[in-house]
Structure formats: structure tokens, C-alpha cells
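Protein chains: 2
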Amino acid sequence: MSRLRDTMAERATAVEEELQRLLPVEDIPERRLWEAMSYSCLNGGKRLRPFLVTATADLFNVASSASLRVAAAVEMVHSYSLVHDDLPAMDDDDLRRGRPTCHKQFDEATAILAGDGLLTRAFEVLGDPGAHPDPAVRAELVVELAKAAGARGMVGGQMVDLLAERDEGFGRGMDVAAVTRMHQLKTGRLIMFSCCAGAILGKAAPQLRQALTKYAHDLGLAFQIVDDLLDVEGDQAELGKTVGKDAAAGKQTFVTLLGLDRARTHAEMLVEQAVAHLKPFDAEADLLRDVAHFVLARRA
Amino acid sequence: MSRLRDTMAERATAVEEELQRLLPVEDIPERRLWEAMSYSCLNGGKRLRPFLVTATADLFNVASSASLRVAAAVEMVHSYSLVHDDLPAMDDDDLRRGRPTCHKQFDEATAILAGDGLLTRAFEVLGDPGAHPDPAVRAELVVELAKAAGARGMVGGQMVDLLAERDEGFGRGMDVAAVTRMHQLKTGRLIMFSCCAGAILGKAAPQLRQALTKYAHDLGLAFQIVDDLLDVEGDQAELGKTVGKDAAAGKQTFVTLLGLDRARTHAEMLVEQAVAHLKPFDAEADLLRDVAHFVLARRA
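Protein chains in written order, with this note's numbering: chain P, 1 to 300; chain R, 1 to 300.
Calculated from the structure, these hints are not laboratory results.
Take these hints with a grain of salt, some might be off.
Because identical chains cannot be distinguished in the list, a pair is counted as satisfied if it fits within a single copy or across any two copies.
Unchecked claim - Pairs of lysine-lysine, DSSO-like flavour, derived with a Cα cap of 30 Å:
1. Lys147 with Lys46
2. Lys214 with Lys46
3. Lys147 with Lys251
4. Lys147 with Lys279
5. Lys203 with Lys147
6. Lys203 with Lys279
7. Lys251 with Lys104
8. Lys251 with Lys46
9. Lys214 with Lys279
10. Lys46 with Lys279
11. Lys214 with Lys251
12. Lys203 with Lys214
All values reported here derive from a predicted model rather than from experimental measurement.
Input sequences plus hints: build the corresponding full structure.
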């Protein structure tokens with residue numbers, strides 16, 4: 001896996017540089033807003049989603065200037081969602097990737113605005129010719145990202161998650177299907193977009209795009225199950241965030257519903273399935289195969 | 001002005017219907033989110049921004065199906081900004097257009113998510129072929145809306161406004177130029193987008209698009225000065241929101257900086273200037289001329 005680790009680190013650096021270019025902190029009255037936007041994006045995360053964008057784009061020989069732009073936009077959306085989810089009115093988290101969350105470092109109002117600014121900037125980046133010379137490609141990227149991030153995607157999933165936490169009857173009533181649907185919305189859809197983005201940028205044949213969509217579907221769910229496992233078994237210092245929160249909140253997770261062993265087996269099966277969907281691609285998709293195994297093995 | 005009033009009422013109804021179509025409340029687990037999104041958009045507002053979109057689009061014979069879509073998207077962005085600005089961590093308002101604000105009617109977390117959902121949905125609508133058959137037009141709409149709504153526009157302006165309120169030195173130090181810049185960002189840019197959107201949809205000649213941009217620039221500023229005047233002279237029941245808030249917060253406004261009389265004269269001059277920019281257009285732009293006078297005469 002050292003090939004994967006090296007490539008991921010290299011891509012993460014390239015994405016950080018792209019984010020820095022796209023989020024300049026200048027000496028203007030609203031400087032604090034840009035500082036908060038930068039702070040929330042530039043934090044040395046794993047950059048899984050940007051990695052998926054560039055790795056799938058590479059399958060179709062997309063110019064790296066284009067795929068890095070789109071990768072940065074996806075990371076802005078991911079970061080915005082974390083900033084808003086961490087707010088006191090939402091999950092009320094103080095710690096994120098080992099640092100104070102945005103509203104702790106700045107303040108609540110600035111965090112709300114920084115999230116809004118990042119989300120909006122992402123669409124600006126996708127609509128701009130820098131993302132792709134063909135406007136039809138850009139318009140499709142905008143629509144697909146909006147679907148993944150909006151009320152029928154990430155935002156909808158977060159609403160269900162909050163309802164599950166607050167309404168005991170609602171939360172307890174969730175079975176594996178309901179928990180799966182929630183996670184598909186909350187995290188799965190953006191992971192699916194990340195993998196589709198490469199295919200959209202590369203104007204891939206429909207069956208290849210569909211193969212990547214299916215890969216992303218299974219990968220995203222495996223990712224979430226591992227998240228649930230880490231919330232029980234993980235190390236707080238390594239994770240850089242509070243563990244045991246789900247259990248404390250009395251939420252249904254894959255672990256409470258299936259138990260540790262079956263949850264892990266389920267994740268393993270999903271990763272195998274994800275890799276199987278990559279059959280149409282030769283060795284060029286090995287990084288995507290590796291990343292699937294990485295998702296399973298990750299400790300943070 | 002009854003011609004204008006009738007046309008505005010008629011267009012407002014058409015936009016409400018479009019918003020209802022675009023924001024369906026279905027029986028799904030996250031139903032509450034869609035209810036909050038609907039509640040925040042469908043409230044019988046004046047719909048000034050959507051009106052500007054359709055009125056400028058009419059100058060270039062744009063299909064009304066297209067201009068209504070774009071008008072609805074602009075109103076979603078306007079509504080999202082009000083929902084987030086009203087939050088306790090921001091302006092902490094309980095009343096909006098005579099009804100409880102979104103976080104009062106629902107709760108804070110739902111209001112944050114409803115705002116996020118509306119903003120995202122707006123970009124989805126603009127990127128979708130329903131907004132225009134030409135993807136280059138759609139991509140341009142996306143970029144221009146993002147610029148108007150984001151950290152270099154509305155979000156940036158709200159940050160400056162908050163800083164002015166919280167940091168006494170910063171607030172007191174604002175002169176007419178600084179207050180003007182803040183309002184250009186906070187409300188002016190979205191009004192400019194609303195007028196440009198018609199020109200973009202109609203692939204207008206650059207000089208006509210520029211004429212509309214200048215019109216919108218002056219109209220937007222006049223609109224804000226009247227807002228400041230109404231905060232001092234307005235009637236709370238008519239306005240449907242708390243008055244005297246700016247004075248209470250010790251903020252610099254056009255009224256505190258210029259006084260009531262000079263502020264009103266300034267607004268009148270801007271409206272005259274706005275109308276003068278419409279010279280390249282014949283009687284077909286009479287609605288836009290009327291709307292400029294309406295902005296000056298409005299009591300709410």
C-alpha cells in the first residue's frame with residue numbers, strides 16, 4: 001500500500017495548493033471570512049474525495065489542471081458540510097482533525113458564513129472554464145454536485161441524522177435499510193459524485209461511468225461502516241475527533257444494528273464488491289482498488 | 001403605478017408556482033427539511049429580484065419558462081440568505097415578513113440546513129437544461145450567481161455587517177464609501193445578478209448588458225438607502241419586521257452618515273440615474289423604469 005500512500009500524499013499536496021490559490025486571504029474588510037474558509041479547508045486531511053476525482057479522471061486522460069480544480073471544489077463542499085455539522089445547533093463538536101472546529105477558532109456567525117462561502121465558491125469553480133473547456137461538461141458537473149450535496153443528498157442525510165438523534169422514537173425505529181439510506185445521502189452521494197466527476201470530465205462511455213458509480217456506491221457504504229466501527233474501536237488521538245459520540249447519543253449505527261463482527265464482515269464484502277465493479281478497467285485502476293482496501297484498513 | 005403593481009403581483013404568483021414545483025414537500029424521512037425550505041421561500045414577499053429577472057429577460061424575448069426558472073433560483077438564494085442572517089448567532093431576528101423566522105418556526109439546525117438546501121437547489125436549477133437549452137448560458141449563470149452570492153458578494157457583505165456591529169471601532173470607522181461597499185456586496189450584487197440574468201439568458205449585446213448592470217447598480221444602492229430610511233421612519237406592521245434595529249445596534253447607516261434629508265435626496269438621485277441608464281431601451285423598458293420609482297416610494 002505504500003504506492004497508494006505516496007500517491008495520496010502527493011495528490012493531497014497538489015489539492016492543498018489548488019485550494020490555497022482558490023481561497024486567497026487578502027487584506028480586505030471581510031478578511032476574517034476568508035481566514036475561516038481557508039482554515040476549514042487547509043487542515044491536512046486525507047483528501048479522500050479529491051483523490052477519487054483525480055484517480056477516476058486519470059482513467060480517461062483528463063488534464064490534471066481540470067481534475068485538480070474539480071477535486072478542490074469537492075473538498076470545499078466536504079469542508080463546508082463539516083463546518084456546518086460541527087455547529088452548536090447541530091452536532092456541537094469542538095474538535096475536528098485534531099484542531100478546534102471553525103466556530104471554536106472563530107465564532108458561530110463566521111462559521112456559518114464560511115460554510116456558505118465555501119459551498120458557493122465550489123459552484124463558481126465548477127462553472128468556470130478552468131474546470132473544463134466544454135460548458136456542457138461544466139453544467140453537468142454543477143447539476144450533479146448540487147444533487148449530491150443538496151436536500152436530496154448530503155443536506156437531506158444530515159436532517160435525517162439529526163431527527164434520529166432528537167426524536168427517540170424515530171431514531172430507535174431505524175433499521176439497517178433506513179440507516180443505509182441515511183448514510184447514502186449524508187456521505188455516499190458526495191463520494192459517488194467524486195468518482196463520477198472523473199467520468200464526466202473524461203466524457204466516459206455510459207457503461208464505464210456506471211461501473212464507477214457502482215464502485216463508489218459500495219465504497220461509500222463501506223467507508224461509513226468503518227466510521228461506525230472506529231467510533232467504537234478507534235483511538236481519539238489518531239482520529240483527531242471525539243469518539244463514542246454515536247453510542248452516547250443513543251443512535252442506531254451499523255455496529256448497534258449488526259454487532260462489531262457482522263458490521264466488519266459487511267464492510268469487507270462491500271469492498272470486494274466495489275473492486276469487482278472495476279473489472280472493465282485494467283491495471284490503470286489499481287489505485288482505485290488500493291483505495292478500497294485502504295478504506296477498510298484505515299485507523300483514522 | 002397600477003400597471004407595475006398588477007404586473008408585479010402577476011409575476012409574483014407565477015414565481016410562487018414555480019417555487020412550489022421546484023420545492024415539493026414529499027412524505028420522506030427528511031420531510032421537515034423540505035417543509036422548512038418551502039416555508040422560507042413561499043411567504044408572499046414582493047419578489048423584487050425575480051421580477052427584475054423576468055422584466056430584463058422580456059427585453060430580449062426570452063422564453064418565460066426559462067426566465068421563471070432563473071427567477072425562482074434567485075429567490076431561493078435570497079431566501080437562504082434571510083434564513084441564515086436571521087439565525088441567533090447572526091442578526092437574531094424572530095420576525096420576517098410578519099411571520100416567525102425559520103429557526104423560530106422550526107429550530108436552528110433545521111434552519112441552517114434549509115438555507116444550505118435552498119442555496120444548493122438554486123445552482124441545480126441554473127445548471128439544469130430547464131434554465132436554458134445552451135449549456136454555455138447555464139454555466140455563465142452559475143458563475144455569475146456564485147460571484148454575486150458568495151464571499152466576494154452577499155456572504156462577504158454580511159461578514160462586514162457583522163464586524164461593524166460587533167467591533168465598535170470597526171463600525172464607527174465606516175464612512176459613506178465603506179457603507180456603500182458593504183451594501184454593494186450584501187444586497188447590490190444579487191440585484192445586479194437579477195438584472196444581468198435577463199441579458200445572459202437573451203445573449204444580449206455587451207453594451208445592453210452593461211446598461212442593465214449600471215441600472216442595477218444604482219437601483220440596488222437606492223434600495224438600500226430606502227431600507228435605512230424605513231428602519232427609522234417605517235411602520236413595523238407594514239414592514240413585517242422589527243424596526244429601529246440598526247440604530248439600536250449603533251451601526252453606521254446612510255441615515256446616520258448623511259441625515260434623513262440628504263439620504264433621501266441621494267436615493268432620489270440614484271433612481272434618476274438608474275432610469276437614465278435605460279436609454280438604449282424604448283418603451284419596452286417602462287416596467288424597469290416604474291420599478292425604480294417603486295423602490296423609492298415603497299413603504300415596506
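Hint by hint, here is what the structure shows:
Taking the closest pair of Cα atoms, Lys147 and Lys46 come within 30 Å of each other both inside a single copy (24 Å) and across two copies (29 Å). In the homo-oligomer, the alpha carbons of Lys214 and Lys46 lie at most 30 Å apart inside one protomer (22 Å), although the nearest pairing across protomers, at 46 Å, exceeds that limit. In the homo-oligomer, the alpha carbons of Lys147 and Lys251 lie at most 30 Å apart inside one protomer (26 Å), although the nearest pairing across protomers, at 39 Å, exceeds that limit. Within a single copy, Lys147 and Lys279 get their C-alpha atoms as close as 27 Å, which meets the 30 Å cut-off; across copies the closest is 42 Å, which misses it.
Within a single copy, Lys203 and Lys147 get their C-alpha atoms as close as 19 Å, and across copies as close as 27 Å, so both meet the 30 Å cut-off. Taking identical chains as interchangeable, the C-alpha atoms of Lys203 and Lys279 lie at most 30 Å apart only when both belong to the same chain, with a minimum of 19 Å there against 45 Å between chains. Taking identical chains as interchangeable, the C-alpha atoms of Lys251 and Lys104 lie at most 30 Å apart whether they share a chain (25 Å) or sit on different chains (26 Å). Proximity of Lys251 to Lys46 under the C-alpha cut-off of 30 Å is restricted to the intra-copy arrangement: shortest distance 26 Å within a copy versus 43 Å between copies.
Taking the closest pair of Cα atoms, Lys214 and Lys279 come within 30 Å of each other only inside a single copy of the chain (12 Å); across copies the shortest separation is 57 Å, beyond that limit. Taking CA atoms no more than 30 Å apart as the test, Lys46 paired with Lys279 passes inside one copy only; the shortest distance there is 26 Å, against 56 Å between copies. With identical chains, the CA atoms of Lys214 and Lys251 are at most 30 Å apart within one copy only, with a shortest distance of 28 Å there and 54 Å across copies. In the homo-oligomer, the alpha carbons of Lys203 and Lys214 lie at most 30 Å apart inside one protomer (17 Å), although the nearest pairing across protomers, at 40 Å, exceeds that limit.
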